[in-house]
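Those protein sequences? They're chains A and B, same order as listed.
For the first sequence, position 161 (counting from the first letter as 1) is numbered 215 according to this note's numbering, and the numbering increases by one without interruption.
For the second sequence, position 232 (counting from the first letter as 1) is numbered 286 according to this note's numbering, and the numbering increases by one without interruption.
Read the hints as simulated data drawn from the structure, not as lab findings.
It is possible that part of the hints are untrue.
Remember, identical chains collapse to one label, so a pair may be satisfied in a single copy or spanning two.
[What the hints assert, rightly or not] When the alpha-carbon atoms are kept at most 27 angstroms apart in a straight line, the in silico DSSO-like pairs for lysine-lysine are as follows:
hint, residue 1, residue 2
1, Lys260, Lys206
2, Lys297, Lys260
3, Lys96, Lys173
4, Lys214, Lys180
5, Lys298, Lys80
6, Lys56, Lys260
7, Lys59, Lys284
8, Lys280, Lys214
9, Lys213, Lys297
10, Lys298, Lys284
11, Lys59, Lys298
12, Lys206, Lys298
13, Lys173, Lys298
There are 2 protein chains.
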Amino acid sequence: MKTIKDIVIIGSGNVATNLALNLVSKNYNVKFVFSPNLEHAKKLADQIGSSFSNQTKDIPYSDLYFIAIKDDAILPFVKAWNPESSAFVAHTSGSFQTDLLTPYLNAPASFYPLQTFTKDTPIQLKNVPILIEGNDEQFIQLEVIGDALSEKVQRIDAKKRKALHIAAVSVNNFTNYLLAKTKIYCQKNDLDFELLSPLLKQTIEKCTSSSEPLSIQTGPARRGDKLVIKEHLEILNNTPELKKIYDTFSNLILQEFQKNEL
Amino acid sequence: MKTIKDIVIIGSGNVATNLALNLVSKNYNVKFVFSPNLEHAKKLADQIGSSFSNQTKDIPYSDLYFIAIKDDAILPFVKAWNPESSAFVAHTSGSFQTDLLTPYLNAPASFYPLQTFTKDTPIQLKNVPILIEGNDEQFIQLEVIGDALSEKVQRIDAKKRKALHIAAVSVNNFTNYLLAKTKIYCQKNDLDFELLSPLLKQTIEKCTSSSEPLSIQTGPARRGDKLVIKEHLEILNNTPELKKIYDTFSNLILQEFQKNEL
Chain A
55 MKTIKDIVII GSGNVATNLA LNLVSKNYNV KFVFSPNLEH AKKLADQIGS
105 SFSNQTKDIP YSDLYFIAIK DDAILPFVKA WNPESSAFVA HTSGSFQTDL
155 LTPYLNAPAS FYPLQTFTKD TPIQLKNVPI LIEGNDEQFI QLEVIGDALS
205 EKVQRIDAKK RKALHIAAVS VNNFTNYLLA KTKIYCQKND LDFELLSPLL
255 KQTIEKCTSS SEPLSIQTGP ARRGDKLVIK EHLEILNNTP ELKKIYDTFS
305 NLILQEFQKN EL
Chain B
55 MKTIKDIVII GSGNVATNLA LNLVSKNYNV KFVFSPNLEH AKKLADQIGS
105 SFSNQTKDIP YSDLYFIAIK DDAILPFVKA WNPESSAFVA HTSGSFQTDL
155 LTPYLNAPAS FYPLQTFTKD TPIQLKNVPI LIEGNDEQFI QLEVIGDALS
205 EKVQRIDAKK RKALHIAAVS VNNFTNYLLA KTKIYCQKND LDFELLSPLL
255 KQTIEKCTSS SEPLSIQTGP ARRGDKLVIK EHLEILNNTP ELKKIYDTFS
305 NLILQEFQKN EL
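Sequences are here, hints too, so could you generate the full structure?
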């Protein structure tokens, strides 16, 4: 089995930047950055001391290629690039269906760091789970890299990876939106969102440590207190997004516990 | 102005228990516990060394009464109790409308600890914001008690308290339900929810520290990736509650960012 010596990064966004910086910090040779946006490619390449281009024809041969671009750009990119079908290519997406690449690659793989990233504040991957999809040989090769970056490397199949991505969307994207809208609501009402920090902290702690977090559900909907719910919805008339969220959750929680109490 | 020497607790649930234990730990004399459930009243009374009863006629005169029962039980309780109209009564609810008590009391007040409580694992109120509603004299008296229990005591008016309660429902009840349903989904798919812990932690940290958490929104809906959203919704057909949540948030986020990008 071949040892991975050099790596090409396709992409220059949040995941690409965090992955490239972590690889370089563990002495992997990231020799080239491709991005359709030349300025972004240059910026990342400068950070890690690699070459770069926005032309697929410039992409050099490499032991491994990480594709860290947004989902709907992956397939068009691979078509345009037209790599050797034996190339070792792993995308980093949580939701992209890996086998869509089989018309172009003998054995496409995936190397999915389960975290939310920003370019501007790169983080160490040490505590970030890395989920690997691939054949046995690829798994062993990617596991070596994964283990160098993170303490939480697991093999995962396509179906489970998709389920995990849905869970991640829920935990990250929806939680962020819910809290963002609540923060804006607080600002509108001249309330310091900081007041809610201990409550939020306790909520997360209880919910993650409880084996059945539904059993610790509280609040007006849990109590079946429809008068309070109605009043809150009226107050929220001027903030339609939070009203929609309030309405959806309250109905779900009402149904959940009425059902259980029948 | 009268100094508060003894206190009666109405209620024996999560808030009543946490409040009573914290008061006693600061050497307040909680002399009596009332609860319609005699067994619960006895249990709390035994913990704090007080008398107890499930009969309103047994409630003794006290410098202060805290009503810590569920919202829709407050008014019926006060009617049944029929206290001296000069009694110093503060309820602990985030949402109960204090002035509903004015037919029975000259000056009803509120002492609202903003946290989620459970009886079985009582917590110190030190970092829990306590929001006080009342006239000037009551505020000063309740502030003394609040300051003994917590470092975060604030005066609040009825309107703001209601807004804060809505925000608290969102931060606590809805977040808990969202994460609970996600956890159940992970269990069904044989995935360890622990894998998502670093992501959840980072999400909360970013969201609370960002002055505009909408600006750090990511995910399929943020990208306008309708194909991924459609696929996820199909996968979620067997988990209708999470599907409803996924659908609601995705539509809201799609609208939010399409709107901004027009």
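Reference check for the pair lysine 206 and lysine 298, CA-CA at most 27 angstroms: within, between, both, or neither? Classified as neither; 37 angstroms inside a copy, 31 angstroms across copies.
At 27 angstroms max between alpha carbons, let me know whether lysine 59 reaches lysine 284 within a copy, between copies, both or neither. neither (63 angstroms within a copy, 39 angstroms between copies)
Classify it for me, lysine 214 with lysine 180: is the Cα-Cα distance of at most 27 angstroms met within a copy, between copies, both or neither? within (22 angstroms within a copy, 43 angstroms between copies)
With 27 angstroms as the alpha-carbon cut-off, assign the pair lysine 297 and lysine 260 to within, between, both or neither. Classified as both; 26 angstroms inside a copy, 24 angstroms across copies.
Have a look at lysine 56 and lysine 260 and pick one of within, between, both or neither, based on CA distance no larger than 27 angstroms. neither (46 angstroms within a copy, 40 angstroms between copies)
At most 27 angstroms between CA atoms: does that hold for lysine 260 and lysine 206 within a copy, between copies, both, or neither? both (23 angstroms within a copy, 22 angstroms between copies)
Have a look at lysine 213 and lysine 297 and pick one of within, between, both or neither, based on CA distance no larger than 27 angstroms. between (34 angstroms within a copy, 17 angstroms between copies)
From the Cα coordinates, with 27 angstroms as the cut-off, is the pair lysine 298 and lysine 80 best called within, between, both, or neither? neither (46 angstroms within a copy, 43 angstroms between copies)
Please sort lysine 298 with lysine 284 into within, between, both or neither, judging by C-alpha distance up to 27 angstroms. The answer is both: 13 angstroms in one copy and 20 angstroms across copies each meet 27 angstroms.
Since the copies are identical, ignore which copy is meant and state whether lysine 96 and lysine 173 lie within 27 angstroms (CA to CA) inside a copy, between copies, both or neither. Within one copy only: 14 angstroms inside a chain, 58 angstroms across chains, cut-off 27 angstroms.
Regarding lysine 280 and lysine 214, is the shortest C-alpha distance of 27 angstroms or less found within a copy, between copies, in both, or in neither? between (39 angstroms within a copy, 21 angstroms between copies)
Is it within, between, both or neither when you check lysine 173 against lysine 298 at 27 angstroms Cα-Cα? neither (32 angstroms within a copy, 32 angstroms between copies)
Checked against the numbered hints above, the structure breaks hints 5, 6, 7, 11, 12, 13 and satisfies the rest.
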